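Novice: Residue numbers (this note's numbering), protein chains in the order written: chain A, 1 to 162; chain B, 1 to 97.
The set of hints was computed from the structure by calculation and includes no laboratory data.
The structure displayed is predicted, hence computed values, not measured ones.
Incorrect hints may appear among the rest.
[What the hints assert, rightly or not] In the DSSO-like style, the derived pairs of lysine-lysine whose C-alpha atoms are separated by at most 30 Å in a straight line are: (1) K86/B - K136/A; (2) K121/A - K86/B; (3) K37/B - K136/A; (4) K86/B - K68/A.
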Amino acid sequence: MNPTSKSDLQISTPTDLTLLLTRTFNAPRHLVWEAMFTPEKMRRWMLPPPGFTMTTCECDARQGGLLKIQWKSAEADPAMTLNGVFTEVVPLERAVHTEEFALPSGQVVSTQVEAHEFFEKNGVTQMRITQTFETKAARDEGLGAGEGMEAGYRKLDELLAS
Amino acid sequence: MLRRLSGGECNLSALAAPLKMTFPAATKHVRVLEGAKLVRRRVVGREHLCRLDAAPLKEAGTWTEQFRRFWEARFEVVDSILEEMKSDESTHRRSRP
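If we strip away everything but chain A, and leave its shape as in the complex, we get (with noise of 0.2 Å):
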């Protein structure tokens, strides 16, 4: 979508492990593959949470290739690793792969898989991300991404430890 019109962002929950983002971009399909897996443009559109900033992004999206993103924070370089194992890939169609998020020390605080698929029609094409954690609970959590709900949870713990 261009600037001006509406995005037509989806957010549901097919299954209580599930998470389903679609969205459609005003371009067609191999443009908006690259868009999403090349590091120079991921560098761009991957805002980090609040608060840190991303240091390394590397992302090979072949069958077997491995994607890593890091970020620092005010505190920690690195503060949080994204590794991850694209496990399934049809250029332009379709791409599974594995997401582990560790902290300084390893140790690993999330694992979902991430699957994106594409579809073209007429120069447009909708994206579908389904991310799939190991338990609702996760999911429900992966839904606090970004400043939400959990973030708020964290905020609190902070104020009641002091």
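For chain A, the structure is supplied; the task is to place chain B on it using the hints.
Specialist: Just chain B now, kept in the frame of chain A:
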């Protein structure tokens, strides 16, 4: 604590136990939450019953709405990247002999 309270009104001791907190520590927590107008407390006999007062959290925006805004902000950047890529492609096409 708020998560537990989202299940309904709960007695303070029952609230403290799974969090491995002492009664005074739990009381302190609940006071802070009361101050933030997130929790209401009433005393019935020796029981301190706490319940979630979720209105301020709702005012702050629901979690799904924030998730939506987080992703929409990203996708709007993708929109502008795609506009640049489209104009690059047509420039290349025009410059081809």
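Novice: Decide, hint by hint, whether the structure agrees.
Specialist: A quick look at each hint next to the structure:
no.: 1; hint: K86/B - K136/A; in the structure: 40 Å, violated
no.: 2; hint: K121/A - K86/B; in the structure: 16 Å, holds
no.: 3; hint: K37/B - K136/A; in the structure: 29 Å, holds
no.: 4; hint: K86/B - K68/A; in the structure: 27 Å, holds
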